[in-house]
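Residue numbers 1 to 184, in this note's numbering, belong to the letters of the sequence shown in order.
It should be emphasised that the hints constitute simulated quantities derived from the structure, not laboratory data. From the three backbone atoms N, C-alpha and C, an ideal C-beta is built for every residue, glycine too. Hints are not guaranteed to be accurate.
[As the list claims (entries may be wrong)] List time: in silico BS3-like cross-link candidates among lysine-lysine, alpha-carbon distance up to 27 Å:
| no. | residue 1 | residue 2 |
| --- | --- | --- |
| 1 | K138 | K59 |
| 2 | K138 | K125 |
| 3 | K153 | K66 |
| 4 | K125 | K153 |
| 5 | K138 | K57 |
| 6 | K6 | K59 |
| 7 | K66 | K51 |
| 8 | K51 | K138 |
| 9 | K51 | K125 |
| 10 | K125 | K57 |
| 11 | K57 | K6 |
[To be verified] Pair by pair, the computed Cβ-Cβ distance ranges are:
| no. | residue 1 | residue 2 | range |
| --- | --- | --- | --- |
| 12 | D82 | N170 | 29 to 39 Å |
| 13 | P147 | D54 | 28 to 38 Å |
| 14 | T169 | P81 | 27 to 37 Å |
| 15 | E108 | V180 | 32 to 42 Å |
| 16 | R73 | D101 | 17 to 27 Å |
| 17 | T17 | E46 | 47 to 57 Å |
| 18 | S55 | N124 | 23 to 33 Å |
| 19 | D82 | E175 | 25 to 35 Å |
| 20 | G161 | T50 | 20 to 30 Å |
| 21 | S71 | L182 | 42 to 52 Å |
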Amino acid sequence: MTMQLKNIYIIMVTVLTVTIFFSCKNNFQEVQNIGLVNSGPLTIAENINTKYTDSGKLKSNLISPKMLNFSNRDFAYYEFPDGADLTLYDDDDNQSNVVADYAIVYDETELIDLRGNVILYTHNKDTLFADQLFYDQKREWLFTNQPVRFRTKDQIINGNGFDSNRNFTNAQVLEVTGIVYLNE
Numbered sequence: 001m002t003m004q005l006k007n008i009y010i011i012m013v014t015v016l017t018v019t020i021f022f023s024c025k026n027n028f029q030e031v032q033n034i035g036l037v038n039s040g041p042l043t044i045a046e047n048i049n050t051k052y053t054d055s056g057k058l059k060s061n062l063i064s065p066k067m068l069n070f071s072n073r074d075f076a077y078y079e080f081p082d083g084a085d086l087t088l089y090d091d092d093d094n095q096s097n098v099v100a101d102y103a104i105v106y107d108e109t110e111l112i113d114l115r116g117n118v119i120l121y122t123h124n125k126d127t128l129f130a131d132q133l134f135y136d137q138k139r140e141w142l143f144t145n146q147p148v149r150f151r152t153k154d155q156i157i158n159g160n161g162f163d164s165n166r167n168f169t170n171a172q173v174l175e176v177t178g179i180v181y182l183n184e
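Please work from the sequences and hints to get the whole structure.
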């Protein structure tokens, strides 16, 4: 009888060991990724003021009440859910300003995507209204393919797109759908 009990005990231990052995898997990588890919931002910053310089010269300044840092992603980006205020400086240090309800800065491409009630005030007193506007920091270029309204001192131009360098020396509305001439 004790031999039978001993065999039953050995069989139970063997079954338990085999069950534990096959139920375990190597998920160390999954454990490392918890909190990185599947959750929120890496950091959250409030009242940020970021300056972009090139060769010691200030090119742009981005101000926002809140920034979410997603640099822990494969394609890193920074999100500004409460809006952004972007000031651009031309070669003569003239300031133009872009405000938007929402913005994303893509780290790898240095592209700023401004969305929602985008208003651009140039140093020439021209004003652009759009739903979305991109600023390429590398090429120092503003553009969109969305509908726009561009107001200059003597006209309002409606169209489907906008292109301009940072200095606004060649600002143009693309696919013009209408022009209204203003009286001085």
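Hint by hint, here is what the structure shows:
1. A distance of roughly 10 Å separates the Cα atoms of K138 and K59; the hinted pair therefore holds under the 27 Å criterion.
2. For the proposed pair K138 and K125, the alpha carbon gap of about 25 Å is at most 27 Å, so the pair holds.
3. Of the supplied pair hints, the one linking K153 and K66 is violated, its CA atoms being roughly 35 Å apart against a limit of 27 Å.
4. This hinted pair checks out: K125 and K153 have alpha carbons roughly 7 Å apart, not beyond 27 Å.
5. With a CA separation close to 14 Å, the supplied pair K138 and K57 stays within the 27 Å bound.
6. Distance hint between K6 and K59 is unfulfilled; the C-alpha atoms sit about 82 Å from each other, more than 27 Å.
7. Between K66 and K51 the alpha-carbon distance is near 15 Å, which keeps this suggested pair within the 27 Å criterion.
8. Distance check on the hinted pair: K51 and K138 sit about 14 Å apart at the alpha-carbon level, within 27 Å; holds.
9. Of the supplied pair hints, the one linking K51 and K125 holds, its CA atoms being roughly 23 Å apart against a limit of 27 Å.
10. Of the supplied pair hints, the one linking K125 and K57 holds, its CA atoms being roughly 23 Å apart against a limit of 27 Å.
11. A C-alpha spacing of about 84 Å is found between K57 and K6, which places the hinted pair above 27 Å, so the restraint is violated.
12. For D82 and N170, the hinted distance range of 29 to 39 Å is satisfied, since their beta carbons lie about 33 Å from each other.
13. Here the CB-CB span from P147 to D54 is close to 32 Å, well matched to the stated 28 to 38 Å.
14. Taking 27 to 37 Å as the suggested C-beta distance range, the pair T169 and P81 conforms, at roughly 33 Å.
15. At roughly 41 Å, the beta carbons of E108 and V180 sit within the given window of 32 to 42 Å.
16. Hint check: R73 to D101, Cβ distance near 23 Å, so the stated range 17 to 27 Å holds.
17. At roughly 54 Å, the beta carbons of T17 and E46 sit within the given window of 47 to 57 Å.
18. The hinted window of 23 to 33 Å between S55 and N124 holds, with their beta carbons roughly 25 Å apart.
19. Between D82 and E175, the C-beta spacing of about 32 Å keeps the proposed range 25 to 35 Å intact.
20. At roughly 28 Å, the beta carbons of G161 and T50 sit within the given window of 20 to 30 Å.
21. Range check, S71 to L182: Cβ separation about 46 Å, and the 42 to 52 Å hint holds.
Of the numbered hints listed earlier, those contradicted by the structure are 3, 6 and 11.
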